[in-house]
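Q: So the chains spell out like this:
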Amino acid sequence: MTFTGKALIIDDEPHVRKYIGLVLRAIGATTIIEAPNGAEGFAAYQRERPNLVLLDVNMPVQDGIETLKQILAFDAGASVIMLTSLTTRQTIEEAVKGGALHYIRKDTPREELIVMLKELLAEEPGQTTL
Amino acid sequence: MPPAPVQTDLVDLKGRKLLLVDDDRLNLRILQGILQNEGYVLADADSAESALVKYDEFHPDLVLFDVVLPGINGFDACRELRKRHGAKAAPVIFITAKQESDAVVEGFSAGGVDYVMKPFRRKEVAARIRTHLQMRLLMDQQHTLVEQLSRANADKNKFLGMAAHDLRNPLASIRGLAEFLNDGTVGALTPDQRELVNLIHQASQSMVTLVNDLLDVATIESGELKLQPAPASLADLIEKSVTLNALESARKHTRIVCTERPAAPPITVDAEKIRQVIDNLLSNAVKYSPPASTIRVSLALKDDGTQVISVRDQGPGIPENERDRLFKDFGRLSAVPTGGEKSTGLGLAICRKIVEAHHGAIVAENHPAGGCEFRVLLTSTPS
Numbered sequence: 000m001t002f003t004g005k006a007l008i009i010d011d012e013p014h015v016r017k018y019i020g021l022v023l024r025a026i027g028a029t030t031i032i033e034a035p036n037g038a039e040g041f042a043a044y045q046r047e048r049p050n051l052v053l054l055d056v057n058m059p060v061q062d063g064i065e066t067l068k069q070i071l072a073f074d075a076g077a078s079v080i081m082l083t084s085l086t087t088r089q090t091i092e093e094a095v096k097g098g099a100l101h102y103i104r105k106d107t108p109r110e111e112l113i114v115m116l117k118e119l120l121a122e123e124p125g126q127t128t129l
Numbered sequence: 000m001p002p003a004p005v006q007t008d009l010v011d012l013k014g015r016k017l018l019l020v021d022d023d024r025l026n027l028r029i030l031q032g033i034l035q036n037e038g039y040v041l042a043d044a045d046s047a048e049s050a051l052v053k054y055d056e057f058h059p060d061l062v063l064f065d066v067v068l069p070g071i072n073g074f075d076a077c078r079e080l081r082k083r084h085g086a087k088a089a090p091v092i093f094i095t096a097k098q099e100s101d102a103v104v105e106g107f108s109a110g111g112v113d114y115v116m117k118p119f120r121r122k123e124v125a126a127r128i129r130t131h132l133q134m135r136l137l138m139d140q141q142h143t144l145v146e147q148l149s150r151a152n153a154d155k156n157k158f159l160g161m162a163a164h165d166l167r168n169p170l171a172s173i174r175g176l177a178e179f180l181n182d183g184t185v186g187a188l189t190p191d192q193r194e195l196v197n198l199i200h201q202a203s204q205s206m207v208t209l210v211n212d213l214l215d216v217a218t219i220e221s222g223e224l225k226l227q228p229a230p231a232s233l234a235d236l237i238e239k240s241v242t243l244n245a246l247e248s249a250r251k252h253t254r255i256v257c258t259e260r261p262a263a264p265p266i267t268v269d270a271e272k273i274r275q276v277i278d279n280l281l282s283n284a285v286k287y288s289p290p291a292s293t294i295r296v297s298l299a300l301k302d303d304g305t306q307v308i309s310v311r312d313q314g315p316g317i318p319e320n321e322r323d324r325l326f327k328d329f330g331r332l333s334a335v336p337t338g339g340e341k342s343t344g345l346g347l348a349i350c351r352k353i354v355e356a357h358h359g360a361i362v363a364e365n366h367p368a369g370g371c372e373f374r375v376l377l378t379s380t381p382s
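Keeping their order, the protein sequence lines are chains A and B.
The first sequence begins at 0 in numbering that gives the first Met the number 0 and counts up one residue at a time.
The second sequence begins at 0 in numbering that gives the first Met the number 0 and counts up one residue at a time.
Rather than coming from a laboratory, the hints here were simulated on the basis of the structure.
Careful: at least some of the hints might be erroneous.
[What the hints assert, rightly or not] Coverage of chain B stretches by chain A, computed from C-beta distances (three or more under 8 Å per stretch; other residues unrestricted): (1) 23 to 37; (2) 178 to 189.
[What the hints assert, rightly or not] Which residues of chain B face chain A? A partial, calculated answer using Cβ under 10 Å: (3) Gln204; (4) Val207; (5) Asn211; (6) Val241; (7) Leu243; (8) Leu246.
For glycine and all other residues, C-beta sits at the position ideal for the given N, C-alpha and C.
Full structure from sequences and hints, please.
A: Take a look at the structure:
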């Protein structure tokens, strides 16, 4: 099963956006939109209506948890996966409780990341195509 | 030539404070006479009650207590000091008469550190006091030093954790981006370009490993290793770990085989952490075995419910004189990886810390048939 569609990556680090973008292309994403902080990310969400959002937690201007709330308030059906570098489960649990699909650690090796994302998206039949 | 005087002053005792407690003015005067040239600061009291009051004002470094006093006796006063001040109480030396020598035993049990007998022998009294003052001073210094060191160590761990944490994501990106370059996702590479990209990938990979190990050590040492125990199947963890390591072992034509896997009940452990231990043992086994070896992994169930994970390699074994370094930080042994792999020397130290946090045990033994066997013994960890 592969993901086809538009993905939005919100992260303040360009190398993370590039890397995660390539991973998403590898699993089938056709369009990648990038935003460097939560505020620009939410604006991009409203404008582009992506099928999937990869959202960093710690960002300047507006953090990921706040942005998650905004996106879900705007579109309750949004598919958001948190991008995290922290192993503190509190933040992650907060995000998942707040409506994120799941979380992935940014330092996950590429192959593992691809498998994880494929599995995660397979669990969301509305957002994936066969 | 007369023998050189023995150096008794290990530490400078000038200005140390002594509280002398005796109801006999003459005894006090004799003691003051003995001690006047030592450079101490002296105070005295003629009863235990007044001594206890004076103790709090004067903060002596040592107390000389007469045993027989009007009112509270010296032993009870000493007990009271220990009760009030615990281990911080100044050492107490009792003054006893020769005919009271049975009382010496009670004096020690009351918390006294020594005794001097009346009539006083000047040199003996001075020497005993010096000894105990020195001991106390050295103990205090040691205490301060240990405190300073543990603070410095905590700072080091914090710094290490921060540095490792901030290095990890960029390194992971470098590694991942190099992989995308290498596999032609963004265009074909020339052989020279591919070689450079491979080097970038290898270097970033070994840095990721080192940074992760350092971060683990920092986390564990700072006491921030929080286990998340939940029921898990060790057999499943072993299987996942074998799959993960299969790629690396195939490169060396090494086989990893599961020899025994009984139907063991789930065990309450932090699955992610135990998986890390198994991964580490397996990757070590591959790393230190000659190419085309067979690594044997098994799970055993003991009668008392302990589950034992065993990883047996075909490497050179552990030299007897290096055994004590095996599970220590940076405890790299003389064995070198057989396929040019890298070692941080932290892996087994991390394994030990994780297993011990689970109240389990990790042991290593050279197998009679050659190679080394690592065993991890685990029972359910209460959450």
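Q: Each hint needs a verdict: does it hold in this structure or not?
A: Verification of the hints:
1. Only when three residues or more bring their CB closer than 8 Å to a CB of chain A does the claim for the segment 23 to 37 of chain B stand; here the count is 0, and the claim is violated.
2. For the segment 178 to 189 of chain B, the assignment as covered by chain A holds, since 4 residues bring a beta-carbon within under 8 Å of that chain's beta-carbons and 3 suffice.
3. For the restraint placing B/Gln204 at the interface with chain A, the shortest Cβ-Cβ distance is roughly 9 Å, inside the 10 Å limit, so the hint holds.
4. At about 7 Å, the closest approach between the beta carbon of B/Val207 and any beta carbon in chain A falls short of 10 Å, and the interface hint on this residue holds.
5. Below 10 Å, beta-carbon pairs count as interface contacts, and B/Asn211 has one with chain A at about 8 Å; its hint therefore holds.
6. Here the hint on B/Val241 is broken, as its CB sits about 16 Å from the closest CB of chain A, past 10 Å.
7. About 9 Å separates the beta-carbon of B/Leu243 from the nearest beta-carbon of chain A, less than 10 Å, and the hint is met.
8. Annotation: interface hint on B/Leu246 holds; nearest CB of chain A at approximately 9 Å, less than 10 Å.
Of the numbered hints stated above, those contradicted by the structure are hints 1 and 6, listed in ascending order.
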